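Build the full structure now, drawing on both the sequences and the hints.
Each chain is listed here by its residues.
Protein chains: 2
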Amino acid sequence: MVDQSPCCAPVLRAPLTERQSVELARVFKAIADPVRLRLLSLIASHAGGEACVCDLTGAFDLTGPTISHHLKVLREAGVIDGERRGTWIYYRVLPDTLRTLSDVLVTPETAVTG
Amino acid sequence: MVDQSPCCAPVLRAPLTERQSVELARVFKAIADPVRLRLLSLIASHAGGEACVCDLTGAFDLTGPTISHHLKVLREAGVIDGERRGTWIYYRVLPDTLRTLSDVLVTPETAVTG
DNA sequence: ACTCTGTCTAGACACCTGTCAAGATAGAGG
DNA sequence: CCTCTATCTTGACAGGTGTCTAGACAGAGT
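Just so you know, the protein sequences line up as chains A and B, in that order. Letter by letter, the first sequence follows residues 152 to 265 in our numbering. Letter by letter, the second sequence follows residues 152 to 265 in our numbering.
Mixed in with the good hints, there may be bad ones.
Restricting the straight-line Cα-Cα distance to at most 16 Å, the calculated cross-link-like pairs of lysine to aspartate or glutamate (EDC-like) are [stated by the list, open to error]:
| # | chain 1 | residue 1 | chain 2 | residue 2 |
| --- | --- | --- | --- | --- |
| 1 | B | Lys-180 | A | Glu-174 |
| 2 | A | Lys-180 | B | Glu-174 |
| 3 | A | Lys-223 | A | Glu-234 |
| 4 | A | Lys-180 | A | Glu-227 |
| 5 | B | Lys-223 | B | Glu-234 |
| 6 | B | Lys-180 | B | Glu-227 |
Everything labelled a hint here was simulated from the structure, so no lab data went into it. These numbers come from a predicted model, not from an experiment.
Structure, rendered in structure tokens:
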């Protein structure tokens, strides 16, 4: 979902183009929310690497539609993917997208001197 | 600026607490903007690892106050730091904060099977 | 076919955010 | 002390975001 170019141009090594920054910001925005970060961690750490909505709603004082909204934001950003199997819809994390974000934030400084 | 606990509890390995997710989201929100991502990359890739505001405003079709606002958001999130030397204020990236974010997005899956 | 359960969509509203114009503050240099 | 430049702060406004209620859709079981 994220353009390939940002992965080879870490934020802290070379100036981002405007286009790259827009694309990266779109994905960062998707995960920059407490509910969505927790959803992400709940899905990823759930047995089998996937979770249905019914496993998730109980962890929040939020209505079903609100959880559904947040899942949609994550889905449209390419951070998770959902699949219907029978009655339930199972979500799983798409690790490539997250790794792109992670890589972009790694700097020469942090990589070398820590 | 980011609590230490998230660094030892990657998002994708164990469920985040509500407190951790709020703290992480605060920092992710700060960088989840095209202008701020470009500011970050401009500052980090500038000679000496620092840049004054006058080096930055030229890259955007935005007024000075708007750039100043974005720099403040980054500063309050602990992503950059500013220091006045004479007439100019120089900003530099605080790499520890970014590394925390980067680490949090690294998963067992991406780390191993990548 | 009807109903029940699980999930999503649509519409509405309060709050947050990005932007600008106008004015304030800090240091340099006369 | 006054002025000039660089930057920040304040106040205002348009647009975006998170949340809810009400209703729609899909599949399972009777």
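> Are the Cα positions of Lys-180/B and Glu-227/B separated by 16 Å at most?
Replying inline: Between Lys-180/B and Glu-227/B the Cα gap is close to 11 Å, so the pair holds against 16 Å.
> Is the straight-line distance between the alpha-carbon of Lys-223/A and that of Glu-234/A 16 Å or less?
Replying inline: Since the Cα atoms of Lys-223/A and Glu-234/A sit roughly 13 Å apart, the hinted pair holds (cutoff 16 Å).
> Are Lys-223/B and Glu-234/B close enough, with their CA atoms no more than 16 Å apart?
Replying inline: holds, 13 Å
>> For a C-alpha distance cap of 16 Å, please report whether Lys-180/A and Glu-227/A respect it.
In response: Status holds; Cα separation ~11 Å.
> Given the hint that Lys-180/A pairs with Glu-174/B, does the C-alpha gap stay at or below 16 Å?
Replying inline: The hint holds at about 15 Å.
>> Hint check: Lys-180/B vs Glu-174/A, CA-CA at most 16 Å. Holds or violated?
In response: holds, 15 Å
Every hint, counting from the list given before, is met by this structure.
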